[in-house]
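*Asks:* What follows is the residue order along each chain.
Number of protein chains: 2
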Amino acid sequence: MTDGVSRRALLGGGLAAAGAGVGALAGAGGTLAAQAAAAPPPDESIDLSQSHPFYATAARQTQGGIETPPQRYCVFMTFDMASTLTTDLQVLLARWSAAIAQLQAGKTIGTVEPSHGAGVGADTGEALDLGPASLTVTVGLGPGIFDERFGLAKHKPAHLAAIPALPSDNLDASLTGGDLSLQACADDPQVAYHAIRDLARMARGTATVKWTVLGFGRASAGANQSTPRNLMGFKDGTRNIKEPADFSKFVYLKDDAGWMAGGTYQVVRKIEINIEIWDADVISDQQRVFGRDKVAGAPLSGGTEFTTPNFHKAGDFNGRAIDPTAHIALAAHENNDGVKILRRSYNYTDGLNQYGQLDAGLFFAAYMNDPEHFTRIQTRLGASDRLNEYISHIGSGVFAVPPAPRSGSYVGEALFG
Amino acid sequence: MTDGVSRRALLGGGLAAAGAGVGALAGAGGTLAAQAAAAPPPDESIDLSQSHPFYATAARQTQGGIETPPQRYCVFMTFDMASTLTTDLQVLLARWSAAIAQLQAGKTIGTVEPSHGAGVGADTGEALDLGPASLTVTVGLGPGIFDERFGLAKHKPAHLAAIPALPSDNLDASLTGGDLSLQACADDPQVAYHAIRDLARMARGTATVKWTVLGFGRASAGANQSTPRNLMGFKDGTRNIKEPADFSKFVYLKDDAGWMAGGTYQVVRKIEINIEIWDADVISDQQRVFGRDKVAGAPLSGGTEFTTPNFHKAGDFNGRAIDPTAHIALAAHENNDGVKILRRSYNYTDGLNQYGQLDAGLFFAAYMNDPEHFTRIQTRLGASDRLNEYISHIGSGVFAVPPAPRSGSYVGEALFG
Chain P
1 MTDGVSRRAL LGGGLAAAGA GVGALAGAGG TLAAQAAAAP PPDESIDLSQ SHPFYATAAR
61 QTQGGIETPP QRYCVFMTFD MASTLTTDLQ VLLARWSAAI AQLQAGKTIG TVEPSHGAGV
121 GADTGEALDL GPASLTVTVG LGPGIFDERF GLAKHKPAHL AAIPALPSDN LDASLTGGDL
181 SLQACADDPQ VAYHAIRDLA RMARGTATVK WTVLGFGRAS AGANQSTPRN LMGFKDGTRN
241 IKEPADFSKF VYLKDDAGWM AGGTYQVVRK IEINIEIWDA DVISDQQRVF GRDKVAGAPL
301 SGGTEFTTPN FHKAGDFNGR AIDPTAHIAL AAHENNDGVK ILRRSYNYTD GLNQYGQLDA
361 GLFFAAYMND PEHFTRIQTR LGASDRLNEY ISHIGSGVFA VPPAPRSGSY VGEALFG
Chain U
1 MTDGVSRRAL LGGGLAAAGA GVGALAGAGG TLAAQAAAAP PPDESIDLSQ SHPFYATAAR
61 QTQGGIETPP QRYCVFMTFD MASTLTTDLQ VLLARWSAAI AQLQAGKTIG TVEPSHGAGV
121 GADTGEALDL GPASLTVTVG LGPGIFDERF GLAKHKPAHL AAIPALPSDN LDASLTGGDL
181 SLQACADDPQ VAYHAIRDLA RMARGTATVK WTVLGFGRAS AGANQSTPRN LMGFKDGTRN
241 IKEPADFSKF VYLKDDAGWM AGGTYQVVRK IEINIEIWDA DVISDQQRVF GRDKVAGAPL
301 SGGTEFTTPN FHKAGDFNGR AIDPTAHIAL AAHENNDGVK ILRRSYNYTD GLNQYGQLDA
361 GLFFAAYMND PEHFTRIQTR LGASDRLNEY ISHIGSGVFA VPPAPRSGSY VGEALFG
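Read top to bottom, the protein sequences are chains P and U.
Residue 1 is where the first sequence starts when you use full-length UniProt numbering, and the numbers rise one by one after that.
Residue 1 is where the second sequence starts when you use full-length UniProt numbering, and the numbers rise one by one after that.
Hints were generated in silico from the structure; no laboratory data involved.
C-beta atoms are modelled at their ideal positions from N, C-alpha and C, and glycine is treated no differently.
One or more hints might be untrue.
[Stated by the list, open to error] With the Cβ distance kept under 10 Å, some of the chain U side facing chain P (calculated, not the full set):
id : residue
1  : Thr124
2  : Leu152
3  : Arg201
4  : Asp256
[To be verified] Residues from chain U that keep clear of chain P, each with C-beta distances beyond 10 Å, as calculated:
id : residue
5  : Leu166
6  : Lys210
7  : Ser301
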């Protein structure tokens, strides 16, 4: 690059403007001012040969796709059981588990060309030449699995219940709930889609697909990842859970959870963002809404991205530097009885909406040892978050995520006697 | 990987089965048979720091996104002009050109935080920390640009006209046409989406968005790329144009094309695939439909992937080894007066359709020096292609793609006197 500044060439703390003015009209190729931000160049390359084990190991008893550093793409799908036979549910979980183990290792789930072509392929084949691409598929069990149909009520996880109505809800029934969930994340979109497609195919006759979201460009950081940005242009995940101690304390269930020990709860929300309205807002207001500087990500109370926000510091927004109704103020663990949840969200777009506007948003996915923690935080956010003017919660789901199966077992095997 | 075979561990020519049987039910974690195929490990890593120049260079007078090795992700969008002022069109093309040059270099298109936050950001910011990711944005001009509105009829490219009705058409008017097209391809989906979003934002008041497709996992190979697979699981692009001589002969316009010299035509089709029906078909029939082996990609007349198909060889399918109504037979240049087109397609999914089935297909994009070449091939395919049972052409567009502008100029400047 010979002129201007690369997106990643500046920064380090707060500033950012390089060049001047707001995109001069550039009648005939004049250069537009550019603005850049960069920590150490993040993710300069993606290694598609990496794989994650599916079965529990000595070091890890939890399913992948929770603590796993967020991959670039995600396909999430929920299913309702069509069969009321407990054995059908059991067989489906067993087949899914065996298949996921293969897929995460970069293998097909059975032959593509059985019997020299005379049969139907077990695997649809479109990922044949692709690497494992860090695929993880996370299996969740919705509240319906523990209703009267399958005789499993006695095993119902202690905190599994439908999310109650929340102040921000604008839910579409066709994007809500599900008896089962699959979250497939990979660094190659074709690998993620192939996994969900072939697992959905296995479910035919046993369960029907309910709703799905295709996420990209992750919008929450894991440990050792630079903080990605949501489609509002802000860094998302700066204060996410990253320390092992916090995973133990806030995410995974302990031994007293019985068969769910090492498991967790998954809460998902499809959050539509009115990005065309957002884009017309002045930056100072956008920053007030989040409570952070847009480019650097520093809290408006000062410092750099990872400086702890000072919610008491005096300032111009309702008397504070960080408005008490800013998103980071309402969501902060300091203001929620110390509660933290692990966010693992992705951006999504569904193209255009019925008004011809860009249809996009956030597929919010979070893991926690009690879904009430999400409900508690979202109740506060839904009531007074300054973001509410721009977003709408249109989809929702809650699932129990069992621990990873031992090799030779399958997800949820402990349920069946 | 310790057991089975990786997806990329076998092959080299024709065979592929590893392990036996069709995904044994694997009651409790039994291993499923796996099938693998691999040329030299393709694309083990993706380098997101790569960038392509936008302006013409001594070595290249054509826009990017045509000959550029297909990136992993594509966002395509068309627009209708809302303004009938010729100067508005001119300003839009100029602003787009200046912005694309910035974006392809990995820069923002103006500051994200103008005037210390008191203004509206020129760039929405979500790509701030990301590399250029090999972004290319290709600008096309639809037939409507040369109608009576803008006084440009005298400059109309010789072969630019709406694609006539074709036997396979099942077009949705809301997915068809457009006065302008933008094809953004990148190896990071957020970089591609950011580009289209911010360019669409620039068009506000001048042009309105018409339709869009989000493509992934490219489904056509460029030179030096291993052949990717479409969502039917078959390699796509084995016989694509790769030689420079073929680009000159079949893709780019020559000096007699006046202001369009070095340009080309873009034909796009949104092709829905009934993948759930396809997945239930026996492999031998799938192979007959394409005329190729599914795993290895070799023509059914024998050899390996890149062996020239022998359409005369005797066999069991209507008397031939490759059925005369197989896709590769009908599409082959040998059977179409020697005509070739450059395909540059992507897979897409729109989630679920109204029947609760997986909604997916192919975003077919092709470049050629006369759209009649596409029409000729597709007329034959639409009439008798064995694929027709599984696919439906639901969207369509044709655009003139001007040559790359010189630095200091903009796409289509030659139109305005």
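*Asks:* Now, for every hint given, state plainly whether the structure supports it.
*Replies:* Against the structure, the hints:
no., hint, verdict
1, Thr124, "holds (5 Å)"
2, Leu152, "violated (18 Å)"
3, Arg201, "holds (6 Å)"
4, Asp256, "violated (26 Å)"
5, Leu166, "holds (24 Å)"
6, Lys210, "violated (8 Å)"
7, Ser301, "holds (16 Å)"
Checked against the numbered hints listed earlier, the structure breaks hints 2, 4, 6; every other hint is satisfied.
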